[in-house]
Amino acid sequence: MVEIIPLPSQTAEETAKAAVNEFFTRFGCPFSIHSDQGRNFESNLFKSVCKTLQISNTRTTAYQPSANGQVERYNRTLMDIVRCFVNKSQKDWDEYLPQLASAIRSSDNRMTGMTPNKMMLGREVNMPIDLVFRPPTESDESEEAYVSRLIAEIRQAHEIARQKLKTSQEYMKRDYDIKMRKNEYVPGDLVYIIDTASVKGRSKKLDPPWKGPGIIVEKITSYVYRVKLEKSVFVINHDRMKKCNDRNIPAWLKRAQNQLRDGENILVDNGDIYCICRKGDQGAFMIQCDLCDDWYHGTCVNVTPEVAETFATYHCPKCQTPNDI
1 MVEIIPLPSQ TAEETAKAAV NEFFTRFGCP FSIHSDQGRN FESNLFKSVC
51 KTLQISNTRT TAYQPSANGQ VERYNRTLMD IVRCFVNKSQ KDWDEYLPQL
101 ASAIRSSDNR MTGMTPNKMM LGREVNMPID LVFRPPTESD ESEEAYVSRL
151 IAEIRQAHEI ARQKLKTSQE YMKRDYDIKM RKNEYVPGDL VYIIDTASVK
201 GRSKKLDPPW KGPGIIVEKI TSYVYRVKLE KSVFVINHDR MKKCNDRNIP
251 AWLKRAQNQL RDGENILVDN GDIYCICRKG DQGAFMIQCD LCDDWYHGTC
301 VNVTPEVAET FATYHCPKCQ TPNDI
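In terms of the working numbering, the sequence shown has 214 at position 214, counting the first letter as 1, and numbering is strictly consecutive.
Source of the hints: derived by calculation from the structure; they are not laboratory data. What you are looking at is a predicted structure, and each value in this text was computed from that prediction instead of being measured. Just to be clear, a hint being listed does not mean it is correct.
Said to hold, decoys possible - Here are the simulated DSS-like pairs of lysine-lysine, each with C-alpha atoms no more than 30 Å apart in a straight line: (1) LYS173 / LYS254; (2) LYS166 / LYS179; (3) LYS166 / LYS88; (4) LYS179 / LYS211; (5) LYS254 / LYS228; (6) LYS242 / LYS219; (7) LYS182 / LYS164.
Use the sequences and the hints to build the structure in full.
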């Protein structure tokens, strides 16, 4: 079932309020929420809401929309439709969303062969054209008989949908396995990771497409790895990395390889993080820019630990990018 809620902004407060007031109060609290790594979902406020309501919060790896493919596919469909209705000034995009959501709910799903309305309500909703060509008829069915029939139809619809989804998933897995080239890494391997960040004042086309090298610290799943660069750590999908075959590697990587070989935890802060003021962390509160990966003392960007507990924003001194905490 598709729910579309227009928001004036993507702040954590707006996102949490919409989730609680527009979804949880109508459908109940879900067991889990799977989202991308947007700052509104990663904020302390949204995590606190999930913790209070006992909702498990999982996320995709960075720049991996296929990990949330169902939502991304609906977003693409929705945007294609919105483009057909929005005016030239693009100021009325939110006025048609309820009608567009209704159209999506009334359309057959290619996987299940049914409409979302049928799956959720056990019946199709009446549309204007139905009232013209299929006028309502009187029924002498009792309330108890109607409830029993509705429950049976919903169960049957769900069973048919499960069977069709299983068949579709098997075909999709077969096609994916044929085309997919899986890159295998082990802890200690040196890799480059794709650099998708853009810095204000610099041309992305002229920047190197890869950053690193870094070192594989942990194999989380068969496709996802934890990678340590010199000043940052990433959880990243295998297809966004390539093996480093450089003859000359930085000294810190050689030390990290030896530490991994000896069973040491190289993710422990060893005081080698430096601020733009060129002073080490020295146990002080520090924050990291999302794009250029540089670290700064909170006092250097006017962010205190107390402010960081709320949804604060600061501008990176290097790339001038606004960052949400």
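Each hint, compared with the structure:
1. LYS173 / LYS254: violated (39 Å)
2. LYS166 / LYS179: Holds. LYS166 to LYS179 sits at ~20 Å (cutoff 30 Å).
3. LYS166 / LYS88: violated (43 Å)
4. LYS179 / LYS211: holds (26 Å)
5. LYS254 / LYS228: The given pair, whose Cα atoms are some 13 Å apart, holds under the 30 Å limit.
6. LYS242 / LYS219: Holds, at about 15 Å.
7. LYS182 / LYS164: The hint holds at about 28 Å.
When each numbered hint is compared with the structure, violations occur for hints 1, 3.
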